[in-house]
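Engineer: Chain by chain, the residues:
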Amino acid sequence: MTQERFISEVRQQQEPLRRFLLALCAGDGALADDIAQDALVRAYVASGSFLGLSKFSTWLFRIAYNCYIDHCRKARPEKAPVEEARNLPGGDSSDKSFRYQQLYLALDRLPEKEKAAIALFYFEDRSIKEISSILDMPQGTVKYQLSMGRQHLKQYIQL
Amino acid sequence: MSSIEDFLRENKPQVKEDPTFILEAQRRMVQVEGIKAEVDRQRSRGRVALIIALCGGLAIGVFATAITFLYPIDAQSSAEGLLRAVRLFLQDYRQYLPMPVALLAITLAVVLFKRPARI
Chain A
47 MTQERFISEV RQQQEPLRRF LLALCAGDGA LADDIAQDAL VRAYVASGSF LGLSKFSTWL
107 FRIAYNCYID HCRKARPEKA PVEEARNLPG GDSSDKSFRY QQLYLALDRL PEKEKAAIAL
167 FYFEDRSIKE ISSILDMPQG TVKYQLSMGR QHLKQYIQL
Chain B
46 MSSIEDFLRE NKPQVKEDPT FILEAQRRMV QVEGIKAEVD RQRSRGRVAL IIALCGGLAI
106 GVFATAITFL YPIDAQSSAE GLLRAVRLFL QDYRQYLPMP VALLAITLAV VLFKRPARI
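First to last, the protein sequences are chains A and B. Using this note's numbering, the letters of the first sequence correspond one by one to residues 47 to 205. Using this note's numbering, the letters of the second sequence correspond one by one to residues 46 to 164.
Hints listed in this document are in silico derivations from the structure and should not be mistaken for laboratory results. On a predicted model such as this, the values are computed, not experimentally measured, just so you know. Check before you lean on any hint, since a few could be wrong.
What the hints assert, rightly or not - Derived DSS-like pairs (lysine-lysine); straight-line CA-CA distance at most 27 Å:
{"id": "1", "chain 1": "A", "residue 1": "LYS189", "chain 2": "A", "residue 2": "LYS101"}
{"id": "2", "chain 1": "A", "residue 1": "LYS159", "chain 2": "B", "residue 2": "LYS57"}
{"id": "3", "chain 1": "B", "residue 1": "LYS57", "chain 2": "A", "residue 2": "LYS200"}
{"id": "4", "chain 1": "A", "residue 1": "LYS159", "chain 2": "A", "residue 2": "LYS175"}
{"id": "5", "chain 1": "B", "residue 1": "LYS81", "chain 2": "A", "residue 2": "LYS189"}
{"id": "6", "chain 1": "A", "residue 1": "LYS120", "chain 2": "A", "residue 2": "LYS159"}
{"id": "7", "chain 1": "A", "residue 1": "LYS159", "chain 2": "B", "residue 2": "LYS81"}
{"id": "8", "chain 1": "B", "residue 1": "LYS57", "chain 2": "A", "residue 2": "LYS175"}
{"id": "9", "chain 1": "B", "residue 1": "LYS81", "chain 2": "A", "residue 2": "LYS142"}
{"id": "10", "chain 1": "A", "residue 1": "LYS101", "chain 2": "B", "residue 2": "LYS81"}
{"id": "11", "chain 1": "A", "residue 1": "LYS159", "chain 2": "A", "residue 2": "LYS200"}
{"id": "12", "chain 1": "A", "residue 1": "LYS175", "chain 2": "A", "residue 2": "LYS189"}
{"id": "13", "chain 1": "A", "residue 1": "LYS101", "chain 2": "A", "residue 2": "LYS200"}
{"id": "14", "chain 1": "A", "residue 1": "LYS189", "chain 2": "A", "residue 2": "LYS200"}
{"id": "15", "chain 1": "A", "residue 1": "LYS142", "chain 2": "A", "residue 2": "LYS200"}
{"id": "16", "chain 1": "A", "residue 1": "LYS142", "chain 2": "B", "residue 2": "LYS61"}
{"id": "17", "chain 1": "A", "residue 1": "LYS101", "chain 2": "B", "residue 2": "LYS159"}
{"id": "18", "chain 1": "A", "residue 1": "LYS159", "chain 2": "A", "residue 2": "LYS101"}
{"id": "19", "chain 1": "B", "residue 1": "LYS61", "chain 2": "A", "residue 2": "LYS159"}
{"id": "20", "chain 1": "A", "residue 1": "LYS200", "chain 2": "A", "residue 2": "LYS175"}
{"id": "21", "chain 1": "A", "residue 1": "LYS175", "chain 2": "A", "residue 2": "LYS142"}
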């Protein structure tokens with residue numbers, strides 16, 4: 047894959063990728079973008095091994111998820127719960143800001159796999175099969191993670 | 046349960062517009078290309094050095110074998126002759142022996158304690 051083609055593919059996937067990582071990082075936009083950049087470098091280095099057996103976006107999201115997991119492993123000792131929601135959409139009503147705050151706080155409390163499954167299914171509209179491929183787990187496990195994630199979010203978010 | 050699903054679908058995280066994101070990605074890719082080129086250069090240099098060493102070794106081996114076959118020598122007598130020559134040399138010049146030893150020690154000390162150059 048040439049650099050130009052890679053860039054054009056990334057240009058298309060940039061927003062979904064950053065949104066996925068933003069959800070995983072519970073609203074920390076700077077951290078999400080850092081991980082996204084690392085993921086892009088990793089993907090670019092490995093682009094020669096991309097055989098096109100899956101969609102480019104599935105492959106890229108998988109690399110991004112692995113980067114996020116690596117970051118979590120490194121940062122675990124310092125990890126503190128999110129005290130305030132970050133990256134709230136500017137110029138929105140306080141009601142909407144409050145909902146985002148609730149969402150990010152709730153996402154931050156979820157286990158990584160549940161959070162990733164929820165983000166991919168609800169925010170990126172990915173199918174169970176794609177999520178299974180991105181998170182490298184059987185489809186049944188994805189459904190279980192989604193179900194558990196929903197249950198947990200129901201407890202954390204006051205509707 | 047549907048209410049939480051609706052909540053999630055209605056409140057997708059919103060990514061802030063960042064025109065520098067792709068530029069930064071491109072900058073990093075250029076750096077990766079630079080590293081790749083340097084690694085390739087080092088690899089090709091290593092390959093050339095290996096081929097030269099192999100050819101050199103082969104040539105020396107062929108030359109040594111040819112010499113051995115063309116000019117056969119009596120190994121025992123020549124070894125005794127060499128030992129005798131060394132013994133005579135040591136007897137004649139033993140007062141100068143500490144000098145090369147000291148030189149060697151100083152050279153080793155300079156080489157081992159030399160700071161690596163900052164790159």
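Engineer: Given the hint that LYS57 (chain B) pairs with LYS175 (chain A), test it: the Cα-Cα distance must not exceed 27 Å.
Structural biologist: With a Cα-Cα distance of about 21 Å, the restraint between LYS57 (chain B) and LYS175 (chain A) holds, given a limit of 27 Å.
Engineer: For a C-alpha distance cap of 27 Å, please report whether LYS101 (chain A) and LYS200 (chain A) respect it.
Structural biologist: violated, 32 Å
Engineer: Going straight from one Cα to the other, do LYS175 (chain A) and LYS142 (chain A) come out at no more than 27 Å?
Structural biologist: violated, 32 Å
Engineer: Are the Cα atoms of LYS81 (chain B) and LYS189 (chain A) separated by 27 Å or less?
Structural biologist: violated, 41 Å
Engineer: Taking only the CA atoms, is the gap from LYS101 (chain A) to LYS159 (chain B) under or equal to 27 Å?
Structural biologist: violated, 54 Å
Engineer: Would you check the hint for LYS142 (chain A) and LYS61 (chain B), treating anything up to 27 Å between C-alpha atoms as holding?
Structural biologist: At roughly 16 Å apart (the allowed maximum being 27 Å), LYS61 (chain B) and LYS142 (chain A) satisfy the hint.
Engineer: With the threshold set at 27 Å, check whether the alpha-carbon distance from LYS61 (chain B) to LYS159 (chain A) stays at or below it.
Structural biologist: holds, 25 Å
Engineer: For the pair supplied as a hint, LYS81 (chain B) and LYS142 (chain A), confirm whether the alpha-carbon distance does not exceed 27 Å.
Structural biologist: violated, 47 Å
Engineer: Are LYS159 (chain A) and LYS200 (chain A) close enough, with their CA atoms no more than 27 Å apart?
Structural biologist: Holds: LYS159 (chain A) and LYS200 (chain A) sit about 17 Å apart, inside 27 Å.
Engineer: Does LYS200 (chain A) sit within 27 Å of LYS57 (chain B), going by the straight-line distance between their CA atoms?
Structural biologist: holds, 16 Å
Engineer: Assess, step by step, whether the Cα of LYS101 (chain A) is no farther than 27 Å from the Cα of LYS81 (chain B), and give holds or violated.
Structural biologist: holds, 26 Å
Engineer: Hey, LYS159 (chain A) versus LYS57 (chain B), does the alpha-carbon distance stay inside 27 Å?
Structural biologist: holds, 18 Å
Taken one by one, the earlier hints fail for this structure at numbers 5, 7, 9, 13, 17, 21, listed in ascending order.
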